[in-house]
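Q: So the chains spell out like this:
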Amino acid sequence: MEKNQNNILEEVTTSDYKYGFHTDIEMDLAAVGLSEDTVRFISAKKNEPEWMLEFRLQSYRHWLTLTEPTWAHIHHQAIKYQDIIYYAAPKRKKELTSLDEVDPELLETFKKLGISLDEQKKLSGVAVDAVIDSVSVKTTFTDTLSKYGVIFCSFSDAVQNHPDLVKQYMGSVVPSHDNFFAALNSAVFSDGSFCYIPKGVRCPVELSTYFRINAANTGQFERTLIIADEGAYVSYMEGCTAPMRDENQLHAAIVEIVAMKDAEVKYSTVQNWYPGNKKGEGGIYNFVTKRGICKGSHSKISWTQVETGSAITWKYPSVVLMGDNSIGEFYSVAVTNNFQQADTGSKMIHLGKNTKSTIISKGISAGQSNNSYRGLVKVIKRAENARNFSQCDSLLLGDKCGAHTFPYIKAENHTSIIEHEATTSKISDDQLFYCKQRGISSESAIGLIVNGYAKEVLMHLPMEFAVEAQKLLAISLEGSVG
Amino acid sequence: MLSIRNLKVSIKGKEILKGINLEVKAGEVHAIMGPNGTGKSTLAYVIAGREGYEVTEGEIIFKGRNILDLSPEERACEGLFLGFQYPVEIPGVSITNFLRTAINEQRKYKGLDPVPAVEFLAKMEEKKQLLELQEKLASRSVNEGFSGGEKKKNEIFQMAMLEPSLAILDETDSGLDIDALRIVATGVNKLRRPDNATIVITHYQRLLEYIIPDVVHVLFDGRIVKSGGKELALLLEEKGYEWIRSES
Ligand SMILES: Nc1ncnc2c1ncn2[C@@H]1O[C@H](COP(=O)(O)OP(=O)(O)O)[C@@H](O)[C@H]1O
Ligand SMILES: [Mg+2]
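Just so you know, the sequences run in chain order P and L. For the first sequence, the numbering used here assigns the number 2 to the initial residue and increments by one for each residue that follows. For the second sequence, the numbering used here assigns the number -7 to the initial residue and increments by one for each residue that follows.
Hint data in this document are derived by calculation from the structure and do not stem from the laboratory. Given the structure is predicted, the values throughout are model-derived calculations rather than measurements. Backbone N, C-alpha and C fix where the C-beta goes; we use that ideal spot for every residue, glycine too. It is possible that some hints are incorrect.
[What the hints assert, rightly or not] If you anchor each label on the Cβ, the simulated ranges turn out as follows:
| no. | chain 1 | residue 1 | chain 2 | residue 2 | range |
| --- | --- | --- | --- | --- | --- |
| 1 | P | K427 | L | D171 | 33 to 41 Å |
| 2 | P | M460 | L | D105 | 22 to 30 Å |
| 3 | P | F390 | L | E127 | 27 to 35 Å |
| 4 | L | K0 | P | T71 | 37 to 45 Å |
Working from the sequences, and respecting the hints, build out all of it.
A: As C-alpha cells, this is what we get:
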C-alpha cells in the first residue's frame, strides 16, 4: 500500500512545469558582473537623483564586507555574483498610454498566465502594476486611486515624483545593512512597486503586482515599499509565475511595510517561480527580505503567502510590533516538490505593550524536497502582556522528503504568553481510499486533501487570489502529488 | 447486479476469505451477519477494490463485468458505494466540496459535464431533509469532530447524493442510538429502488427490524455458512453465533 502511494506521488510530481515558457522581447542589458560601475549604470539608466545613487553605493560598499548567510537549512552551489547581469529592461520607444501600445508578445505572455491586463481591468476591478523584469510596463487604475489620494506606482516613478516619501521610508524597515541579500538589493534593485495610502483612507481596490522573471541570466531585484498612514487600510497582492530556464536565477527582493496608528496592511503573495526540473537542475533562488513595522498603536500587518515555486526559498516575512496594542499575523503555505528547498517562517518582534501575534505555517513536502519552518518570537522587557500563538504543521507526501521546524522564542517579559503547537502528518492510505471509493482519482484526492490542510491559510487570501492559489496547490503537486 | 464466485482472499499470505459465493439481484437487500473478525469488512473492501488484499481465486462480476482489474475509483464510478465501518476524517474539506468533487468526477467518467451549482445545491437540500440532517452539517469538514452517529449518517447522506447501483453498508448500525438508527434505516428504505441493491453488513439483528432483508447470510471464518430469509437473523439472535460454530 505504502509503495503504491509513493508511486502515485512520484508520477504526479514529475509533471512538467506548466507555466514554463519564454517570451522574446528586446532587452536593454547591463554588462555582466557587479562593480561600482554597474551600480552607477543602473542609477543612470533610471535617471536617478544623487541621493538615490548615494544610497546604492553605500549599500554596495557594505555588501562587499558581508558574506552569504549559511544558517538556513538549504544547500546550493556557490552563486557566482560576477556572472549575473544586474539590469535588464524591456526596450521601449516611447511612453505607453494604452494597452494597445504594449508589446503584443508581452500581452500574449499575460494571456498564457491567465492574467491579461485587459481582463483584469474589466473583470476584477483590480489595479495592476505589472512588472516584467525590471521596468513597470503598465499601470492601471491610477485615476481611480488618485481620487482617493492613493499613490500606487513603480518604485522608479516614486523616486522621481515622490522623493520625500521615498527618502523618509526607504530602508527604515529593512536597512541596507540588514543582511547580505538586503545589501545586494539596496545596491542594484531594478524596480518594484510603491504604495502610499493617506490618512483615514480605505483603499477601494485590492492592489496587485505581477512579477515575472523573463530574461536569461538576469538577477531580479525588486523593491517594494508600502506606507499606510494613520487609520488607512490597504490589501496588497503579489503574485508571479516564471518561464522555464536552465540556469539558476537569483532573486533577492525587499518588501518594506509601514503601518501608522490604527492603520492596517494585508499583504498577500502567491509565489510560483520556476522550481527547477525533476532532477533539481535550474530554478529560481529566492532570497527575500520582507518586513513590516506596526509603528503606531492599534496598527496591524498581516502576511499571507502561498509558496509553491523556486528551487530555493529563503524568506521570513516579519512584523516589528512597536505600537502598543498592535497586531502581527503570518499565514503561510509552503509546498516543496522534487528537489526544492524552502526555509521559511516569520519573525514577530514584540516591542509595544499588549501586542499580539499569530503564526500559522503549513508546510507540504513531496518528492525529495526539504521544507523548513524557521521562526522567532521575541518579547522585549517593556512589552507587557504580549501574546503569541504559533502553529507549525508539516504534511509529508511520500517518504523521501523532509520537514523541519526551528522555532526560537526569546521572552524577556514574564507577563507574555507564548504558545507553540506543531504537528507532522501524512496523507493516509485510509484517506486516499475513502476519496477513491467515492469516485475521486488519486490526483484530485491529493489536491482536495492538501487544499483542506491549507484551508486555514487560504481563507486569509483575497477571494480571487484564493481560487488561483487552490489551483496552484493542486498543479504544483500534480507533477508531484495530485 | 453482483455475483461473487469462489472468492478467496489473503492478507499478507494469510487466507481470510475462503471461497465466497454470493448472488445479489437488482431490487434486493441482503444482510451479511457474523461475529467479529470473520471477514465481513474484508469482503466489503475487496469488492470496493482496496489495495493490500490478494485475490488468489475467484471473480467478482458487477453489472455483467469482472471488476477485479478496475481501480477503486472506477468501481465507484460504475456505481459501487461503500459505507465505511470507520469513516475517515478529511480536515478542512467541506462535505459540500467533497461531494461536488465526487459527483463531478463520476460525471466526467460518464462523459457528462459538471453538475450545475443550482441543481447540486437543490439535491443537497432534498437529501439533507431525507436524513433529517442539521443545516450546518454540509459546511463542516468531512467527518472531522463528528460523533459516531453523525459519521454514519454522513455515510448514508453521501450514498443518497451519489445514487449508487449497489451500496455496501459496513456496520452502519454500530454506534447509533435508536433515533439515529431509525433515521438511517428510513433513509436506506426510501432510497431503495427496483434498479439498485443494498448489502447490509451487521452483527446485530437490531438493524434488520428496520431494514427488512430479502436474504440473510451468515459469514463465519471466511465462508458463507448459511443463507436464508429474514427469519435467519432472528434465529441467530436467539441462539447466538455459538450455534453456527457447532453447526459448521
Ligand atoms: N490489514 C490487515 N492486516 C492483517 N490482518 C487483517 C487486516 N485486515 C483484517 N485482517 C484480519 O482479517 C480477519 C477479518 O477481519 P475483518 O474483515 O475486519 O472482520 P469483520 O469485519 O468480520 O470483523 C481478522 O482476523 C483480521 O484480524
Ligand atoms: Mg468489520
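Q: Indicate, hint by hint, whether the structure satisfies it.
A: Checked hints:
1. K427/P <-> D171/L: 33 to 41 Å: Holds: the Cβ-Cβ distance is about 37 Å, inside 33 to 41 Å.
2. M460/P <-> D105/L: 22 to 30 Å: At roughly 29 Å between Cβ atoms, D105/L and M460/P fall inside 22 to 30 Å, so the hint holds.
3. F390/P <-> E127/L: 27 to 35 Å: holds (31 Å)
4. K0/L <-> T71/P: 37 to 45 Å: violated (60 Å)
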